[in-house]
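Please model the complete structure; the sequences and the hints are all you need to start from.
Chains A and B, in that order, are what the protein sequence lines are. According to this note's numbering, the first sequence is numbered sequentially starting from 1. According to this note's numbering, the second sequence is numbered sequentially starting from 1001.
Hints are computed from structural coordinates only; laboratory data are not their basis. Note that the Cβ used here is the ideal one computed from N, Cα and C, for glycine as well. You may find that some hints are simply not true.
Stated by the list, open to error - Stretch by stretch, here's where chain B covers chain A in the computed footprint (C-beta under 8 Å, at least three residues):
#, segment
1, 30-41
2, 117-130
3, 208-221
4, 291-298
5, 342-353
6, 359-368
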Amino acid sequence: MPETSELHLAVALDGAGWHPAAWRSPDARPQELFSAGYWTDLAREAEAGALDFLTIEDSLGPQTAGPDDRTDQVRGRLDAVLTAARIAPHTTRIGVVPTAVTTHTEPFHLSTSIATLDYVSDGRAGWRPRVAASPDEARHFGRREFPALTAENVADPAVAAHLSDLFDEAADAVEVVRRLWDSWEDDAVIRDEPTGRFVDRDKLHYIDFDGHWFAVRGPSITPRPPQGQPVVASLAHAGIAYRLAARASDVVFVTPSSAEHAAQIVAEVRAAESHLERPRPPLQVYADLAVFIDEAPGAAAARKRRLDDLDGAEFATDCAIAAGTPGELADLLLGWRQAGLDGFRLRPGALPHDLRQITGALVLELRRRGAFRAGYAEHTLRERLGLSRPANRYGASRSQTGRSQTGSYQIGAA
Amino acid sequence: MTKQVILGAHFPGVNNHTVWSDPAAGSQIAFSSFAHLARTAEAGLFDFFFLAEGLRLREQRGKIHDLDVVGRPNTMTVLAAVAAVTEHLGLAGTIQATYNEPYEIARQFGTLDHLSGGRAAWNVVTSPDAFTGENFRRGGYLERGDRYVRAAEFVQATRELWDSWDSDAIVADPARGEFLRPGARRGRFEYSTENFGISGNFTVPRSPQVHPVILQAGDSDGGREFAAHSADGIFTRHSTYDAGRAFYADVKSRLARYGRSPGSLKVLPGASFVLGDTPAEAEERARHIRRQQVSPQTAILMLEQVWNTDLSSFDAEGPLPPFDPDPEAPSIIQGRARMYDDPVTVARKWRALAEEKNLSIRDLIIEVTGRQTFTGTPASVAAEINRSVQDDACDGFILVPHLIPAGLDEFAATVVPLLQERGVFRSSYEEGTTLRDRLGLGPARPAASWAAARREHADA
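Here you go:
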């Protein structure tokens, strides 16, 4: 068998699931979408399946752009970083990767919030940076005016320049966040009574970033997080976003429509990387896939159709959609994987149903084929992804191994 | 009528009050430390947990200050995690109005309120300093006089956002296919003032408290007035009985002009404490702690804050400098408020005191700076706390332990039961109540009502 190596498997959590009518499914919990218990249960379920990590969607605006008077779909969303922090103490192994927007926000706050997520999860934090391109979101902040975005005008030079600026700004934001994570060396706290010093100030570093959109002096107020550098994972549909991923990320989520398309995208991603001096290991490429899974042949497709009927439209999202049995889905994942993918980020069509199918039947099927781990071995998210704890850019000669001594505190092991 | 005592638990800050040299001093950043203090506070039935914030490491003489505990988490993120390890405890976070925008702060506190079942509180602070601004794209662009204007508009904007969803907007009825009630308000907002021009759709549905509890920290006239027209509580330095009574009377007297009752604003001084089985033992422990808090190096550093010059060649166990400070020299301190308005007078006073009592630099600093608010047996401390509350010197205290993480353990175990015996502190948490309920604040007043009261006063 060519497929003896193990896949990486992540799950993308959002509301009641990715189908707009998912909240109307029999086992959905639509009254609880804004409660801690709902999110904790989802996280524990994902951890029960030994998935690599979960992501949490977010944006600085509603689920749909523009005027919206629909009442039959979920609207409203909680802050993803805080949701991740809320569930972290209730889990012990799964990675937690919230989305946080770089466009209208402060890189300094982003850095401390993800570093703190790394502390409260004891080394399981990641971050999905995201740009907010719409004029609607810009008006929520009232500091910048953005051009209207439509399907037709994306090629206009002014709009293209706007998008290009946002991705450049995002790359700068990630750079600032990463520098701030390194701005404390691991052994900066010395508690040296003879000299009265708590900290060795020579091991705290100004980052002195001075870019087009912001200047940030540093150092961080938060000591270097347990993983050193939490995992940065970005979603990319096109060249401009592949380039951002190549500059900034450890993991990239891509959206192929077929195995052939996946191969083509992987080649584009590798090309984007080859134009850069990447100071970190090669990007890990995950394909996004929206999934509906049921054991009985045809049942998943029928369920999806019922949801489509309820919603009044065929479900469409920005990635491919698969509906099938656990065996069919395993075939698809292992087939696409040949294109050079490191893993998948599965978007459950309906929660918790399709998450349970992933952590139950799909994981079992993949294990049977030797393509998924039997359980968690590693502790930190970086370790699970095969990423070593990176040396600190400001203290290059020092130790590269071992987690920092942060202590740990967890409850409710799943 | 007997007032009930409000108690907050302050996670020890990044200053010399927090002792790191003690064998019992643990990590200032590990989540286990935050969980420990929060659980102690919850076991002691405290009203809330409190976190300060500082967004730039302090500097003195152009170098990062290295003598005090330093390094802390992001306030909101750690509070969200503390919500997971507590059930009833309020979660109060200090967040700058200067380096944030209303939309994101409203989202974060709305989220925290949802994820904690109605336990969120926001301590609003506002700092215009360019030094901290160097870490932010927003910079330090605020004129000092404008900061409370912007802060008030900021808080008003967040209240408008929190009100932008109807309380019954979400019906989530699968049978009827209605997630939202037709016609309900679902986040639409528009807010336009001198400092803000924002509009659109807010993403966080109405949270259990509707408005998290708003605290204000700042004792200046502007700060007091801000508290009077915009806050539910004020965090103050006036922790002594006499200063507290004057402060309390002043702040409460400002409420009527905004149509508010005296009980609608809680006055909560920060307070430190040292306990002992006997008064003598408590005094001895207090002396020991003061020496831990004021190391020889810290003594010199604090002296430099008055003299405003390099005194590193002086011996902390020796006499004070024979010369006066130069009041014209540029400030050597960055990242915290200037502490002495008239350094020459302070320096002369300190020198006279040192000569009179034959004090070294370190002894003098211990003598003149930050002694503990309460020192005594649990019974005497409980009595003092109760007296301050019953005599309207405050409505309760935000207690600041000197040790991480166990600095509150003894207080919770010994003083709290004595307050309960006096009938001035709860003996259990009431199920299903929000922080707002527990503090006796009543339901959140609509944003429009706050704005109208401020407007009426401005017009009067």
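A quick look at each hint next to the structure:
For the segment 30-41 of chain A, the stated coverage by chain B holds: 8 residues have a C-beta nearer than 8 Å to a C-beta of that chain, and at least 3 were required. Only residues whose beta carbon comes within less than 8 Å of a beta carbon in chain B count, and the segment 117-130 of chain A has 4; three or more means the coverage holds. For the segment 208-221 of chain A, the proposed coverage by chain B is satisfied: 8 residues have a C-beta within less than 8 Å of a C-beta in that chain, meeting the threshold of three. With a threshold of 8 Å between beta carbons, the proposed coverage of the segment 291-298 of chain A by chain B is violated, since 0 of its residues qualify and at least three are required.
Counting residues of the segment 342-353 of chain A whose beta carbon lies closer than 8 Å to any beta carbon of chain B gives 0, which falls short of the minimum of three for the stated coverage. Only when three residues or more bring their CB closer than 8 Å to a CB of chain B does the claim for the segment 359-368 of chain A stand; here the count is 0, and the claim is violated.
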